[in-house]
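Quick mapping for you: the protein sequence lines, in order, are chains G and W.
First residue of the first sequence: -14, per the working numbering; consecutive thereafter.
First residue of the second sequence: 2, per the working numbering; consecutive thereafter.
Keep in mind the hints are simulated off the structure, nothing from the lab.
A few of these clues could be false.
As the list claims (entries may be wrong) - Cross-link-like lysine-lysine pairs, in silico, DSS-like; alpha carbons within 27 Å at most: (1) W:Lys184 with G:Lys192; (2) W:Lys209 with G:Lys192; (3) W:Lys357 with W:Lys343.
Claimed, not checked - Sample of chain W residues with no beta-carbon within 12 Å of chain G, all distances over it, derived: (4) Ala6; (5) Glu52; (6) Met60; (7) Asn69; (8) Arg99; (9) Gln104; (10) Glu176; (11) Lys209; (12) Leu249; (13) Asn253; (14) Asp262; (15) Phe280; (16) Val284.
To be verified - Chain W is faced by these chain G residues, among others (derived, beta-carbon under 7 Å): (17) Gly49; (18) Ala69; (19) Glu70; (20) Leu135; (21) Lys177; (22) Arg181; (23) Thr182.
We treat Cβ as the ideally placed atom computed from N, Cα and C, and that holds for glycine.
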Amino acid sequence: MADRNLKIAIPKGSLYADTVALLGEAGLDITGLADPGRHLIISNPGVDFIIVRPTDAPVFTTYGGADCGICGKDTLVEAELDTAELVDLKYGYCRFVVAEPEAFAGRADEAYERLGVLRVATKYPNITRSFYEKKGIQADIVKMHGNIELAPIVGMADRIVDITATGRTLRENHLQVVEEVLGSTARFIANKAALRTDPRVVELAEKLEELTRDNELTMS
Amino acid sequence: MIPKAPRGFRDVLPTEAAWRMSIREAINERFKLWGYLPVETPAVELLDVLELGGSLTDMPFRFFDSDNNLLVLRPDVTLPVARMTALRMNKRENWPLRLCYAQHVFTENDSTYGQDRQAMQAGVEFIGEGGTVADAEVLCLLFESLQATGLTDFTVALGTVNVLNALVAEASDDEAWRAQVFKAFHESDRVAIERLAQDGRAKPVYAKVVRELARIRGGEEAIEACRELVAPLGCEDGLDELQRTYELVDANVEGGKLMVDFSIISSFNYYTGMVFKAFAPEVPAALASGGRYDHTLESFGVSAPAAGFAIVFEQLMQALEAQDVRPPHIGPEQIVFDEDPKVMFAKARALREQGKRVVLGGER
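Using the sequences plus the hints, can you model the full thing?
And the structure:
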């Protein structure tokens, strides 16, 4: 297996910088990753970095496009794929929350009491569905692709389920948190066959675990 | 209306169908050489009966027939064979039974190239014999069967459910905790295992070892590593057997790779001893899986030890393609024509008798 480069899916966006730094610390050759430009794949000795949309990292890993990868717990849960989750890397903390407009506080509860159904807008229908199923609440899920906070403002949904790191965007849109859904941090994930046939995956997992063991941040 | 197949099913065209058939024959030849006899079971089973043998998930097709029975399209072949054995092959003087099959199963799987609800499984069940020699027989047969298809690069990961069972039973009385541990092992979710080991619901010494167990993997030395880990807690169940099985298989197979892996847990909960899965580097899901299930027949009314495996064609074919194994050429080798149809038929027949693939040509 060592006759080809290890393929690692790494997420663009907010997790990117920490991910690259950590992989560098783990001894991988991260030349060229600081400024990948328009490159989708960066090949260095021993390793191919596949730069993907954060939500696609579990997809690449599960279907064998990459041997292993890094993604947020949030995208992993939402993807509902058969991937091995190996290490909590303890950065990229964010949380899923249910929120509603401050101005309409209580209106959603009142609607639920009357109808027995909540209408919830979200980019994460799977997480939202399983959250409300566990609570025994009927939720009508409105899948959106961005600017979720608009939905309750224009009366399209009672509440939203969205991700927030600091809560700033929510506050700026006059939304208040109703409850927590789950906390999320970055995870090292692996293709299940690669985990069992390629020792480099296990070695990297062990190195990453060692490097992040003493980090304070853990999942809520 | 588009004349399509239902979601999760697909048609197989000649080149591939011929390949599948030749693979089936190659595997069946190995089964035969080891003395395994073919059986067939019905495509549908009574759900209540099947569930006597183990809890099943992933059954996309459940329906009532006109007798008002709740039926299921078989999601697995091991349970039907166990049922059949208990009902109709239960005379102990004829045991042990070496049975094999090649049948479709119907499950809900992600991504097996359009065939995610129907898969062809070729497998064996070795019934009425326990112990490490029987375990090794099943494993050696798996190696040979995979190799008979032309596969070269594969790993069989071998573990035992006994150690984890013993640890988990000792670690906590909390049923929910135990179930979560098994689920996390099955999903290879080490982060969850980590968290479960620290959440205070289990005795810390045991919980710590449960966590370590998920990482033990390697050659024969991994068995020793596991023994050192669990011996102080008295949870060495199954390790001596595993060691003997490993040695026997390792000495008797060439090619392929045998690994010890204590994180192997099957989605079927009926296994009682060794468990194993075969992987190829190019394919995300297991090519084959199996293990020992000594209590399953008992739940159908006859007590007998048993072990077996099933190879999943859809995964195997993907691995073969990635490893550059190509389908055999099956097209006609010769076209025969003669103005006089009688002569044409005779010529063609003569050639066929020499083993040539011949088609009749000319205008009709």
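So, going through the hints one by one against the coordinates:
For the suggested pair W:Lys184 and G:Lys192, the alpha carbons sit about 25 Å apart, so the restraint of at most 27 Å is met. Among the hinted pairs, W:Lys209 with G:Lys192 is consistent with the structure: their alpha-carbon atoms are about 20 Å apart, no more than 27 Å. Using a Cα cut-off of 27 Å, the hinted pair W:Lys357 and W:Lys343 holds, with the two alpha carbons roughly 19 Å apart. Distance to chain G confirms W:Ala6 as a non-interface residue, since its nearest Cβ pair spans about 22 Å, more than 12 Å.
For W:Glu52, the condition that its CB be more than 12 Å from all CB atoms of chain G holds, with the nearest at approximately 24 Å. Distance check on W:Met60: its Cβ is at least 18 Å (rounded) from any Cβ of chain G, clearing the 12 Å threshold; non-interface status holds. With a least beta-carbon separation of about 30 Å from chain G, W:Asn69 lies farther than 12 Å from that chain, consistent with its non-interface assignment. Separation of W:Arg99 from chain G is adequate, the least Cβ-Cβ distance of about 28 Å exceeding the 12 Å criterion.
No beta-carbon of chain G is positioned within 12 Å of the beta-carbon of W:Gln104; the least distance is around 24 Å. No Cβ of chain G comes within 12 Å of the Cβ of W:Glu176; the nearest lies about 18 Å off, and the non-interface call holds. No Cβ of chain G comes within 12 Å of the Cβ of W:Lys209; the nearest lies about 15 Å off, and the non-interface call holds. Listed as a non-interface residue, W:Leu249 keeps its Cβ farther than 12 Å from every Cβ of chain G; the least gap is roughly 22 Å.
Separation of W:Asn253 from chain G is adequate, the least Cβ-Cβ distance of about 22 Å exceeding the 12 Å criterion. The beta carbon of W:Asp262 sits about 7 Å from the closest Cβ of chain G, which is not more than 12 Å, so the claim that it is off the interface is violated. With a minimum CB-CB distance of about 4 Å to chain G, W:Phe280 fails to clear the 12 Å threshold, and the non-interface call is violated. Its beta-carbon lying about 6 Å from the closest one in chain G, W:Val284 breaks the requirement of being farther than 12 Å from that chain.
Interface restraint check: G:Gly49 against chain W, minimum CB-CB distance 5 Å, threshold 7 Å, status holds. Hint status for G:Ala69 relative to chain W: holds, with the closest Cβ pair at about 4 Å, below 7 Å. Of the supplied interface hints, the one on G:Glu70 holds, with its beta-carbon coming within about 5 Å of a beta-carbon of chain W, less than 7 Å. Look at G:Leu135: its Cβ only gets to about 33 Å from chain W, farther than 7 Å, so that hint breaks.
Taking 7 Å as the C-beta cut-off, the interface hint given for G:Lys177 holds, the closest approach to chain W being about 6 Å. The criterion of a C-beta within 7 Å of any C-beta in chain W is met by G:Arg181, whose closest approach is roughly 5 Å, and the hint holds. Restraint check, G:Thr182 versus chain W: the minimum CB separation of about 4 Å is within 7 Å; hint holds.
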